[in-house]
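Protein chains in written order, with the working numbering: chain H, 1 to 447; chain U, 1 to 153; chain S, 1 to 391; chain X, 1 to 169.
Incorrect hints may appear among the rest.
What the hints assert, rightly or not - According to the in silico footprint, chain S covers these stretches of chain H (three or more CB under 8 Å from chain S):
hint : segment
1    : 76 to 86
2    : 98 to 108
3    : 259 to 273
4    : 418 to 428
No lab work stands behind these hints, which were simulated from the structure alone. Even glycine gets a Cβ: it sits at the ideal position worked out from N, Cα and C.
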Amino acid sequence: MPQWLQSVVDYVTKSNNTPGWYADPVASAIWALIYIILIFTGVSIAVIAMNWLERKILAHMQVRLGPMRVGPHGLLQPIADALKLLIKEDIMPDQADKVVFWLAPVTIVITAFTVYIVIPFGPTHAVTDMNIGLLFMLGVSSIGVLGIIMAGWASNSHYPLMGSLRSSAQMVSYEIAMGMAVVSAVLMTSFKGGGNFFRQIYGTGGASVGTLSMIGIVRAQEAQQTWFLFKFFPLGLIAFFIFAVAMVAETNRAPFDLPEAESELVAGFHTEYSGFRWSLFFLAEYAAMIAVSSIAVTLWLGGWMRPFASLHGPNVEIPNYWSGGAIDLAFALVPALTFFVLALFAFIGTVRMPKHRAFRVQTIGLAGFALALGFIGLVLLEPHVRDRVQDIFWFSLKVAVFMYMYIWYRGTFPRYRFDQLMHLGWKFMIPTGIAVLILTAALGLGS
Amino acid sequence: MTMKKLLRKVLLLDLLQGLSLTFRYQDPKEIYTEQYPLQRPEVAERYRGAPRLNVNPDTNETLCIACDLCALACPEHLIVVTSERNEKTRRKELTTFTYDLSRCMFCGLCEDACPTDALELTQDFELANYTREGAIWDRQTLEQGPQPTVYKK
Amino acid sequence: MSEILKSEQSASSVKHLELEATPSPAYLDSDELILNMGPQHPSTHGVLRVILKLDGEKVMGTECVIGYLHRGVEKIAEHRTYAMFNPYVDRMDYVAAVSNGLGYCEAVEKLLNIEAPPRAQHIRVILAELNRLASHMLWLGTHALDIGAITPLFYTFRDREEILKIFEKYCGARLTTHAFRIGGCLYETYEGFEDECRNFVKFVRPKIDEYETLLTTNRIWVERTKGVGYISGDDCKAMGVTGPVLRASGVKWDIRKAQPYSGYQNFDFDIPVGTNGDTYDRYLVRIAEMRQSLRIIEQAVEKLPEGPVMAKVPKVVKPAVGEVYHGIESPKGELGYFIVSDGSTQPYRIRVRPPSFVNLQALDMMVRGALVADVVAVIGTIDIVLGEVDR
Amino acid sequence: MQPVATSWFFYGLSAVAIVSALMVITRKNPVHSAISLVFTLLSLAGLYLMLYAPFVAGVQIILYVGGIMVLFLFVIMLVNIEHNLREEQFNKQWLVATIATVVLGALFGYVYYHGKGFFPAAVPPTPEQVNTQQIGMSLYTAYMFPFEIASVLLLVAIIGAVVMAKKRI
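The shape of chain H in the complex, shown without the other chains (with noise of 0.2 Å):
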């Protein structure tokens, strides 16, 4: 057996390795290649997943029904969707610069998904653990900006164009509040408990030290039995509000839509486009939007650890109030039993779905979904799954939580004006991202 199958061998039957760690490089390649893989699908059916649930959702809130033709409660008004604007004709304005016009969703698509190289959906799945992970993801991310501009300059119309710099004025307003509140977080990862326990395993030496890789960070939470969105409170909660405000912000979504705001600006950005291309922005809204919670989850609400997780080590395994065995075997429950609840709503919409002709498929089609959904809860009641599922479904979860209020900040909103953005951004976040920030470190002087 080569050396590499070997190492591929001891991650499967292992499970404490942490991604892009393996002796052989090859090994870590393959590891790499397979999660690149399972992250992109995953994310292409979170965003499909997205652009449903987002439909309906907005629909219920504002008493409307939402898609219910395509496929039962228009389950499949996605994938029709997706196939409508695959075979849309592609227009390209005649006066636009066409290089650019080319290359602005490549861009935008490109970073949203890059992004997620760093992000880890539990301690050993990821594509790769590195040292740098937050500063990476947050530059990445800020590429995405230029993939707006350029869109915005390339159509060579007003409206792209005002998008497009309202964009940038935006980015530039947002990114240094959501880096400060970024910074008071990783500031929290040197703080006690978090420093010894980086000694045992990174080895380091010295005074407590902190750390920008993203699961460092969420070790550092373990390790110190917290999630920092408790941390020093309520100052660990008010960092993560200004970031929660920037992401928003930073993904372009209600009430700080100004790119694209569609009753000011037509559609903002992209106006211009159409088709293949613009259902590229629209997948690279959605997987940036996915991207940026990633990062607030794993900064301040633990990743991928359940509520009230152990501590556990490469070594250690310390418990907590919280854990234990029956304890532990109740959490580890709770995906699969998300799936039956889901599986029981998809079950009564079956036997709801009109008594109709026309809807018989649509009955089959549902019953079928809610069959799917109860299997899939079935394989994580396996004990083998469910243990090495549970971190990413805890991880999910959370972003799912995040997703939501996306969706609900959109239904319940109105738009902010240009310039309040910039003067929310510059005299109210900035400062409070500062204070915050002086005042974590003079808190965490003791530690």
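Fit chains U, S and X to the known structure of chain H by using the hints.
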């Protein structure tokens, strides 16, 4: 008062109120949408929809006396009535009656003008048509009502 | 015309737009950007085209190009009898068709020197106030949509639907109602009309509170609307602006009180007046007006007298030679009809004074120096209907 | 830890860097130049990564590509491009430029040839883990003073920019 305002602002109460309202509305009971072809809307009794030329149910003769009042009352002049004098009965008899639905604004003035209740705007509201000519209804269509093509899978 | 327009304020304070006007030095003197907003634009409420002269996002000047929806309604009137023209007025301000019809019918009645019987007048008031509610609801939904809140639109449309149902039951049409005839109402109320009106009032009161929950105190809404699109009461008078826009600027002028028609003097209601003359005040004034309309509906339903709904009107309406102006308070402002009769069955000339058209003139004053986003908000707050602007 | 396919990446990245750098100066359209510059900067970031300097690479991306280039494009977009396109390229200084390039190249060659001692064949790479911390340590201990001077300089630059941009304050 100002303290209260400040607290409201800091605790984002104004935003949370709105959020809770939209959250509450997610209850499926609140959904207002009608699933149109399945749920037929109940149109009011006085609804002014597709025109109909009434016939006497017993004799199957038209009620229209070709008095042309509806054509005169119509603001859009879209009704054309032609008649012929029946030499036997010495009465005007209706020959053709065209009603151009594409120009109709369903004001109901023709209905009001009709002395014999022959012309009536019914509760039928599905008036879509594939051609412009299809929107011009002749006497037969007006008496029988539109016969929409039924498509089968 | 109305007293208010004869006020001491001359039109001199109104600055006419010159697109070549020099930009104020306080701003970046970059190249000007001429932006054609509309006629196809999601928030110009139809086919209004606004040419914006921008410096960055700041508006240096605007010019409205109208007429994309011109159908020559006033000209059509010259070739229709008085009764035949009645359905056309519904199609001017199509979201407040009842008010249009009311104004027209009353104007012709004034010309004929007849008056609708009291029962008809009460029915007219109920329907007109319901229509005011419907119009304001539609305004609120679309205005909020312009500012980016998409949800109120659906709530207001849901509640407006109840009004339209009453319309449909009463006169057989939902939008372009053709509810009234010269001399009164064609239709007697249907069975359960009073109860439905009462239930509607009960149903809609909490709903208005809901709209307010979403918007009135919401900091984003307040920031987006407070101080935006300011216009002073004097400027309003100079421009001939009427309706909620005028009242929000602190001028207490409502034709329902000042020159009562259709028995409005019999009802007890207040005229909400704003102080700041900005978009937020116009929003508050309209919300308050919705509540006042509910009050009027309640009273009118309680006091609904018995009797005929149609006055004695000759079969062929043939007024004597003369002219008449009659203005009513439509949801958008003073809606006036000026009718010249040459003694024939057809009017010699009808001139409509549409509130939207006149109010739209104030757009430039309101948005100069504001941002593009404010233009959208101000177009929404003026509450224009292009069918009425272009006629 | 042995990086994968080092030389491939190196040559690829350098090729991208050089080609896009050439594009920066040859493109007539300033936006195209700016976008080429983005590619140059990105490939440089890749090269930093290969030198076991992930922090520098990250900073390169977040600051230069994400921040400065966005502002660059922001400004360039507002420039009247048509005017620039009509301008003659390589104005009248091509001779001077060529001489300067040749001299610089000669200088590089000379230094490289005579100073081989400065370029040891193999420097032991710093372990990746402590790289970021090392930078922090150095910045806030040994190089504290230059660091602070640099930040004051930046502050001055910011204020200067504001003063220059605003005609009246």
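So, going through the hints one by one against the coordinates:
Counting residues of the segment 76 to 86 of chain H whose beta-carbon sits less than 8 Å from any beta-carbon of chain S gives 0, not enough to reach three: the coverage restraint is violated. Only residues whose C-beta sits within less than 8 Å of a C-beta in chain S count toward coverage, and the segment 98 to 108 of chain H has 0 of them, not enough to reach three; the restraint is violated. Restraint check on the segment 259 to 273 of chain H versus chain S: 6 residues with Cβ-Cβ distances below 8 Å, three needed, restraint holds. A count of 3 residues in the segment 418 to 428 of chain H with a Cβ less than 8 Å from any Cβ of chain S is obtained; the coverage claim is therefore met, three being the minimum.
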